[in-house]
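Following the hints, complete the assembly by docking chain B onto the known chain G.
Listed below, chain by chain, are the residues.
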Amino acid sequence: MKTTRYSFKLIILLSALAIALSSCEKVIDLKLNPADSRYVVEGIVSDKMGGCYVSITRTKEFDSEAGYTPVSGATVTIADDYGHTISLAQGSDGLYRHPDFKGESGKTYHLKVLLEGKTYTASSVMPAVVPIDSVYITTEDFFDEKYLMVHATFKDPQGIDNYYSFDQYINGLKVKEVFFDNDELRDGKNYDFVIFNLSETDRFKLKPGDSVSIDMHSTDAAVYKYWYSLYQGATGTGGSASPANPVSNIQGGALGYFSAQTSEVRSLHVPL
Amino acid sequence: MLIVIYRTSIINACINMKKAVPAILLLFASLAVSAQQKIKIGGVVRSARTGETVIGAHIKADTLAATTSNEYGYYSLTVPVVKGETIDIEISATGLEPYTISIDADKDTTIDIDMGNSRARLDEVTIVSNATGRSLSSPQTSVEKLSTQEIKNIPVVFGEKDILKAIQLLPGIKPAGDGSSGMYVRGGGTDQNLILLDEAPVYNAAHLLGFFSTFNSDAVKDITVYKGGMPAQYGGRLSSVMDIKLNDGNNQDFGVSGGLGLISAKLSVEGPIQKGSSSFLVSGRRTYADLFLKTSEEYKDNELYFYDLNAKVNFQLGEKDRIYLSGYYGKDRLGAGFKNGDGFRVDWGNATGTLRWNHMFNNQLFSNTALIFSNYKYKISIKDDSYDFDIFSQIQDISLKEEIQWMAGNRNNIRMGFQSTYHAIRPGEVTSNDDSYISGEKLFERYSLDNAVYINNTWQAAKKLNIAYGVRFTMFNVLGGGDFYNIGTDGKISDSVNYKSGEVVKTYINFEPRLAVSYQLNEVSSVKGSFARNTQNLHLLSNSTTAMPTDKWLASNNNIKPEISDQVSIGYYRNFAGNNYELTVEGYYKTMQNQIDYKDGAYIYGANNAVETELLYGKGRSYGLEVLLKKKSGRLTGWLSYTLSKTERKIDGINNNEWYNARQDRTHDIALVANYQLSKKWTLSGNWVYYTGDAVTFPAGKYTVGGQTAYYYTERNGYRMPAYHRLDVGATWKLKKTRKWSHELAFSVFNLYGRENAYTIYFRDNKDNPEKTEAVKVALFKFIPSISYNFKF
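Read top to bottom, the protein sequences are chains G and B. Under the working numbering, the first residue of the first sequence carries the number 1, and numbering increases by one thereafter. Under the working numbering, the first residue of the second sequence carries the number 1001, and numbering increases by one thereafter.
Same shape as in the complex, but just chain G (with noise of 0.2 Å):
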C-alpha cells in the first residue's frame, strides 16, 4: 500500500518534467544560399521639424556582422500636391534630409530615388494628428517574467480608419522593434495601448531608473500594411508558414518603406 502510493507520486512527478524538460532551442549553423543586394529605402515625412529624413541601405547576408552602411550619390526629392519638389541632401550621418521641411496632415507627398540609373517612388498621405491623453508604466506578468509596459492612452477618432505606430527610446536608445496597430473593433472608442516591448536584451528592456519614451504616429493604411505584413511573415519568427517580403508601398524593386505620418513624443521617467 504505501510503496504503491509513493511509486505513483514518483511516476507523476517523473512524466511532469519529463515533458517540461522535453521542449528545447539550440543555435545552429544553416547553409544560405546569398541573393543579389537589393536596396532597402525609408523614407519619413513627419509633422516635426527635424523628423523627415530619407535613409537608404542594402540587404547583407545572412551571416555578415558587419554594420549596416548608408548608400551614398543618390538623388532623393519629395513633391506635394502643389508643385512643391524639395531635394534632400545626405548628411554626415548618412541620412538624406533636408534642413528645414516639415510636412502637414491632408496632403500626400511623393518621394524619388534615382539610384544607379534605377528609380523607385513611392507615395504616402499624412493623417490628421491623434493626440496622446497620457502614459503611464505597469509591469506585467508574461512566461513567469516581469516586464514593465509603457501605455499610451488616446481617444480614436470616429468614422474614419485609423493606422498607428510607436517608436520607444530607452535612455535614448531607439528599441529595434515597431510596435503598431489598426482601430478595427475600436473606432472611436478610448483606446490604451500597451507598448509590448519583450526584448531580451539588456539595453533594450525597461527596468527602474531608465528614462523611456515614446514617439506615437499616426500612419496611411499601405504603411500600416507594410509593418503588419513585415511582422507576420519577415521577422523570421516561424510562426507563419510561408515567410514573405512584406507588402511595399515602393515602386521599382526597392525594399522599405514611405511614411508621411504624425508624429507625439511623450517622455517618462521609471522610478526606482
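Honestly, the hints are just simulated from the structure, not real lab data. Predicted model only: the values in this text are computed from it and were never measured. Note that the Cβ used here is the ideal one computed from N, Cα and C, for glycine as well. Incorrect hints may appear among the rest.
Straight-line distance between alpha carbons at most 30 Å, and here's what the computed DSS-like set of lysine-lysine pairs gives [claimed, not checked]:
| hint | chain 1 | residue 1 | chain 2 | residue 2 |
| --- | --- | --- | --- | --- |
| 1 | B | K1772 | G | K207 |
| 2 | B | K1767 | G | K118 |
| 3 | G | K225 | B | K1772 |
| 4 | G | K26 | B | K1040 |
Here are a few chain G residues that sit away from chain B, every Cβ distance over 12 Å (derived from the structure) [to be verified]:
| hint | residue |
| --- | --- |
| 5 | G67 |
| 6 | T77 |
| 7 | G91 |
| 8 | G117 |
| 9 | T119 |
| 10 | V125 |
| 11 | A128 |
| 12 | V135 |
| 13 | P157 |
| 14 | V178 |
| 15 | K207 |
| 16 | D220 |
| 17 | G236 |
| 18 | R266 |
| 19 | S267 |
| 20 | H269 |
Some, not all, of what chain G presents toward chain B, calculated at C-beta under 7 Å [claimed, not checked]:
| hint | residue |
| --- | --- |
| 21 | C24 |
| 22 | L30 |
| 23 | G172 |
| 24 | L173 |
| 25 | K174 |
| 26 | D183 |
| 27 | T201 |
Chain B only, in chain G's frame:
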C-alpha cells in the same frame, strides 16, 4: 425554410437525373439476369461472444460463390439450385474461429452467423487463409485497412493504442509533424481528408497538440483509409477518406473496460439492453493533469484539459430492421490566467449525432438511411483590465444519406444512393463584453447545400478480372442571406450583391467518374489500376505551422470555386509464404485544381467578410511510389513502409508564378513497425520513422527597417528542414487474463534516443552582438516515457 430549400434542390437534381437514372439502372440490371435458377442466401455475420457485427468476413458457398460482409455485417450469396443436395457455407474472419454450416440448396435462406473467438494459440504460426488476407481480387487500389485484430497489435504511444497514429505509419499517409494533428495523404493538405466516425464527419481529429485522437481507439471496430480510387459512395474531400466504424456494444453481456495513463483516464461501459437484440456503448476519456495544476501556486490559473464522450445504442426491430443512435462530444480547453480575470482561454470541440436505419428488403437488397448532425466550434476569450471579448467560429452540418446496396448475383454488387448536407458556417465573429474599449463585429453567416447522387457497381467481369465502375454527380448550392462580394481583376471588391435567405447565389455541378480494375495474375498476385475524380467544397485557410483552431473553414462561394482532383493509381500486389507476408507496390499521380493560398501579408486575423480579397488560386500536382511489406502472423508481426514522393503547387502571385514545393513535400518517408509476442504475459512493440524535412522558406539575406531586423526572401519553400527520425518502444505486461477480467500495464517511451527533431527554425538578433543574426532550432519532444494501466471486465 431549410426543408423548402432542401426539397427544391433535390427535386432539381432529381429531374436532371431522372432521365439518366432509368437507363443506367437498366444497364446494371441487365447484368444480373441469368438463365439458370438460383437461390439467394443472406444474413448478418456476428461475433457470438459480443453480438458485434463482423465487417469483411469471408463467406464461401463450396466453390460456387464467395462474398464478404459489408460495413453492417450483411452478406448475400447467389447459388444455383441443386435439388436434394446440401451446400457447405464456410465463413472466416480475422480473429474469429472459422465456421461451416450446411444448408439445403433448394430455397432462399436467411442465415445469421454467430462466430466464436479464435482458438488458435498465440505461439502457433497460423497459416492465414487466403480468405482473411487482404483481397487480391478486389479492384480497390490505394486502400489501407486495419481490422480489430490488427488494431490490438499497433504500437503503444503515450500508453495508448491510437488509431490515427497507427495509420500514419502506413505508406502515403504522413503525419504533419510533432505538435500537429493534421495528416498529409499523397501530397494533399490537412483539410483534404474526410474523417468519418460512424458516418459523421469529424472536423477536428486530435486533442492536445496532436497527441491524442478525438475518439477512443478501444471502441473502434474497423478502419478503412482510401488514399485514392474511392468508390462513388465517398466524396467531399480530395485526398482521402478515413472511414471509422465503432463497436456497437456487447449485446450478450455487460462489460466495463478502462485505463489510467499519465495524462488521461478512460472508461467504457457496454452491455445489452435486451439480450441478443439491443445494446449500448458509452465510452469517455478525460485528462486529469489539470487537477494537479490547481494545487500548484504557480500554475493554478492555467487550464489545460480535453475530454471526449461516445455514446451509442442500437436496436434490432424484427428480422429486417436495425436502428442505431450514436453521439459524440469532445472538447479541448487551453487557458492561462483567464479565471483570474486577466488572461486568455481557447475552447474548441466537436459534437455529432447520428441516427441510422438498416433495412433488409430481402437477401439481396439492403438499405441504410442516416440522419447526421455535426457541430464544430472554437472560441477564443480574452480578458484583462481593458478588454473582455470573444472570437467565435462554428460549422454546423445537417445531412441526410440514403444508400441501397443491391447484391445482384455473385458477379455484381451495386451501391446507389444520395447524400445531402446543409452547412451553416459562422466564419468568425467578435463579441465584446465590455463596449468601452472594443466593439463587436459580426460576419455574415454562410449557408450552403452539398448534394450528391451516385451509383457504383463492382462487377466480376471474368474469373480473374474485377471492375468497379461508377459515377458521383455533385451539386453544390451557395445559399444566401447576406451580401456577396464580387472581386475585380485587381483583387479588390468591385461591388456587392445582397441575397435573401434561401436564395441560390451560385451552383457548382461536378461529375466525378470512378473506375477501378483488378486482374488476378495467379493465386498469390494481382495488378490493379484506378482512376478517380474528387471535388471538395469546404476549404481550410491556414497560415500557421501548427493546425490552430483559428484556421478558417470556408465553403465554396461566388468567388471560391470547388477544388477538384484527378488521381490515377496502379499497383502490384503479392502474397508470400501462404499469405503470411503481403507486398504492395503502388504508384500514383494526382493533379489538383483550384488550390487556395493566402497572399503575402494577408490580413488573416480578425473579422473579414470578404476574405477572398486575401486569397490566391492555382493548381497542384503530386506523384509517388509506395511500398509496403507486411508480416501478418507469428510471434513477430509488423510492417515496413516506404514512400518516395513529390508534391508541388503553382499559384499566381506566389514564387513568381512558378511551380514550388508544397510545404508537405517530403521526398522519403520510411516507417518500420514491429510487434513481438515475447511470452504469454509480455508483448513488445516498436516503431521507427524517418522522413525528409518539410520544404521551407529561409532567408537569402537581411536588412533593417525602423531598427527592426528584417529578412529578405526570394523563393518559396526552396530549403528543407532537417530530416526527422525517432524510435518509439513499448512493452505491455498482461498482469492477469481470465474469462471474467483482465488487466495490463503498458510502458512506452516516445523518441527513445531523444533526437531533437526540428519543430521550427526561426531567426533572431544575437542577444549580445546586435549586428549578428542567428538561426535557432526549436524541438518539441525529446524523450517522453509513459505508463498506463488498462483493465477489462
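G91(G) and chain B, when compared Cβ to Cβ, separated by more than 12 Å: holds (18 Å)
Assertion that V125(G) lies farther than 12 Å from chain B (Cβ): holds (18 Å)
Status of the L30(G) interface restraint (C-beta, 7 Å, chain B): Since the shortest Cβ distance to chain B is 4 Å, the answer is holds.
Hint check: 7 Å Cβ-Cβ cutoff, G172(G) to chain B: violated (13 Å)
Satisfaction of hint between K1040(B) and K26(G), Cα-Cα up to 30 Å: Violated: K26(G) and K1040(B) sit about 69 Å apart, past 30 Å.
Check on D220(G) being off the interface with chain B, judged by Cβ distance over 12 Å: holds (16 Å)
Least C-beta distance between T77(G) and chain B, which was stated to exceed 12 Å: holds (21 Å)
Interface-negative label, G236(G) against chain B, beta-carbon threshold 12 Å: violated (3 Å)
Distance rule for G67(G), whose beta carbon must clear each one in chain B by more than 12 Å: violated (6 Å)
Distance restraint between K225(G) and K1772(B), which requires alpha-carbon spacing of 30 Å or less: Satisfied, since the Cα-Cα distance of roughly 27 Å is no more than 30 Å.
Minimum Cβ-Cβ distance from H269(G) to chain B exceeds 12 Å: With a cut-off of 12 Å, H269(G) remains clear of chain B, as the shortest Cβ separation is near 22 Å.
Interface hint for K174(G), Cβ within 7 Å of any Cβ on chain B: holds (5 Å)
Hint violations for this structure: numbers 2, 4, 5, 14, 17, 23, 24, 26, all remaining hints satisfied.
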